[in-house]
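Each chain is listed here by its residues.
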Amino acid sequence: MQPIPRIAAATAATTALALLLSACGSGGGEQTSAKDKQTLTVWGMGEEGKHLAKLGKEFNKKHPNITVKVTPVGWDVVHQKLVSAVAAGELPDMAQMGSTMLGEFIELDALDTVDQKTFKKDDYFPAAWNGGVKDGEAYGVPWYVDTRALYYRTDLAEKAGVDKPPATWKDQMDLAEAYKDKAKTKWGTYNQPANIGTWQTWVPFLFSAGGELLDSSGKPALDSPESVKALEEYAAYFDQGLSRKSSPPDYDVVKDFGSGDAPMFISGPWIVNNIKDQQPQLKGKYATAPLPAGESSTSWVGGASLVTFKDSEHKAAAKEFTKYLTSTEQQAHWYEIAKSLPAKEAAWDEPALKNAPEQLDAFEKQLKTAKTVPPLAKWEEFSAKIDEGVARVSQKGESPKKAAAWMQKATEGLVG
Amino acid sequence: MATTTPSRRGVPDRTSKVRSGAGAGSSPGRKRGPKLRRDRLSVQNGPGWLFSTPFLVLFLTFMAVPIVATFVMSFTDFGLRNVADPFSTEFIGLENYTKLVDDERFLTSLFNTSYFVIVGVPLTVGAGLFAAVLLNRGVGRLRTFFRVGFYAPVVTSIVAVAVVWRFVLDPADGLISNLASEVGLSSPDFLGSKALAMPSLIVMAAWRNLGTAMVLFLAGLQGIPAEVREAARLDGAGVWQEFRRITVPLLRPTMLYVSVMTTIGFLNVFEEPFVMTEGGPDNATLTVSLDMYHEGFRFFHMGYASAMAYVLFTVILAVTLLQLRLLKDKTK
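Residue numbers (the UniProt record's numbering), protein chains in the order written: chain F, 1 to 416; chain V, 1 to 332.
No lab work stands behind these hints, which were simulated from the structure alone. Here the structure is a predicted model, which means the values were calculated and not measured. Mixed in with the good hints there might be a few duds.
[As the list claims (entries may be wrong)] Using 30 angstroms as the maximum straight-line C-alpha spacing, the simulated DSS-like pairs for lysine-lysine come out as follows:
1. V:Lys-194 <-> F:Lys-180
2. V:Lys-99 <-> F:Lys-409
3. F:Lys-255 <-> V:Lys-194
4. F:Lys-396 <-> V:Lys-99
5. F:Lys-368 <-> F:Lys-219
6. F:Lys-323 <-> F:Lys-117
7. F:Lys-134 <-> F:Lys-120
When you get a sec, could you build the whole thing from the sequences and use the hints?
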């Protein structure tokens, strides 16, 4: 237990030093033309970061003067690394940036604006594009997208006497009950009960209930009747013992999906690949469906955008690389390599996507109506309050109304 | 250092005696020599400084600077936007500290940390003492085996420990739940239950740290003279009486050290909840260090987190002083 304060202290020291240094080295410097010989530094994140290096090499063949140096950074540390890099003035030229992080770095004034003549808003899924827009300026070009939809076990559903995908909240609840009662599964579904990232499962309920994260004036709208309704629906699964009330920090739902303990859950498109790798026996025994509808069937858009940093001296080259990565052809190619869904709508007509597993259809459909998570400077904190609000209902047993009021109060100071 | 002037060089006087006596590494015998009033930074002290440089550099960079920096920061509103623009940080006096008093999460974390310490420290120290006494007598050839067995968790990475304990505690296919189902019982979801999560972490921490206590107690036990024990036995003391009247009082200095170090470690508890529960369920295992980490490194409320750190520091200081007083060696 002892070393942690020291680590914290060391980090604080480094930050402090970095702050001193940053005071000396700011400013954009001179721009290099796209034709000069140069090295473009790019940070990629997680698995995508590893694959991105391949694309960098392919790009280099077409543009021999631009060498792309990709540094993959893990998703778990990237937020801290980027903030430290901002403080130290040591940002790369470009990065892949998770959609929910954009707001924070726009606020930090670290991102360069997107040339909207080269990159056209209409080419991309609107919700993905809007995730990087603040005050009319775009700061990121959507690279790939993801959204949330429903996964459910068809073989167990059959056993439980259900033969079509749940279309409404009521269907979903009935299916969960049928799983548990008739197919004798341990749980009926999995709604993440608490901890980091709970919002990812709850926000689809909020949006499908007709609710919003922020109202039209930009204030949180988490105590709206729709939000209460979404919490009630979410909580009902815990109250009836259809979903577990706690799960360990790195809980892997795919494992329980494979064993049948959790025969239904809401998650993103990468799960299709995970199931193929980790639970191959499930082939043909599960399906995806658009989110069951409350008022509507509405999900949220995640994914990553390509950003260029303000201090970069290779903005022209960065633009070339961004153009390359977001071309329709490369978007389809990217799907083949990384199984990430193209952010450009035209890419979905490419053969690679046409032949994609049928489980991805639900996501394409969902994407057309999915809503944006607004770019907030303090999204990390805002989302943590949602996580805690949901936990108050699932674990503390607070009434949805009270928890909604709590979330509203806790988030009020975090916007604007 | 400024008192050494060329004109006074080589003239022994009182001030120099006092000064060099206070300086590091100068021995009284050399005071009368011609090198008498050398500066602490003089050539003769060079090797001393040289040898301490690695420590000093590391200490100053990684301890002293952050300690001062966090103290100053705790009176500011240093937050995310100051990362790029540190000069817009504003001093807000004691606001961070007054805010802490009303912070429900922080109060919960203080309560949880106290719970952890009040139950965990006596348990760890007691278990360590028990293991040490058993190993000091008896067990014979297996002694080394047991010593290694008890000490191994101390040097094992917390992540490995967490993985093993998760397996032990897992409600679905864990060791305990399987054993329980063998005899027809059902086991609770230890880490998922508000009432049991903290006790589970305490047991794990006690198991993990008792090795250190045991090694120290073993050393202490070996320092107790055999004659004292023999005398007690001749006077007719039984095993319990010998333990109660001889072992425990003579172990007092060791006891003091062990409980102070264990308490400090336990007050800083971070890794166990961080890896095992993320502070849940319903903040039942949220500790001060974990809350501080979230505020500081997730949300970048550096000022606020620094204030938390200083509150924790004050608590640690107070508790340590109290222990020093209560467990003072009364045999001297």
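* To do: Enumerate the violated hints, using their earlier numbering and listing them in ascending order.
  => none
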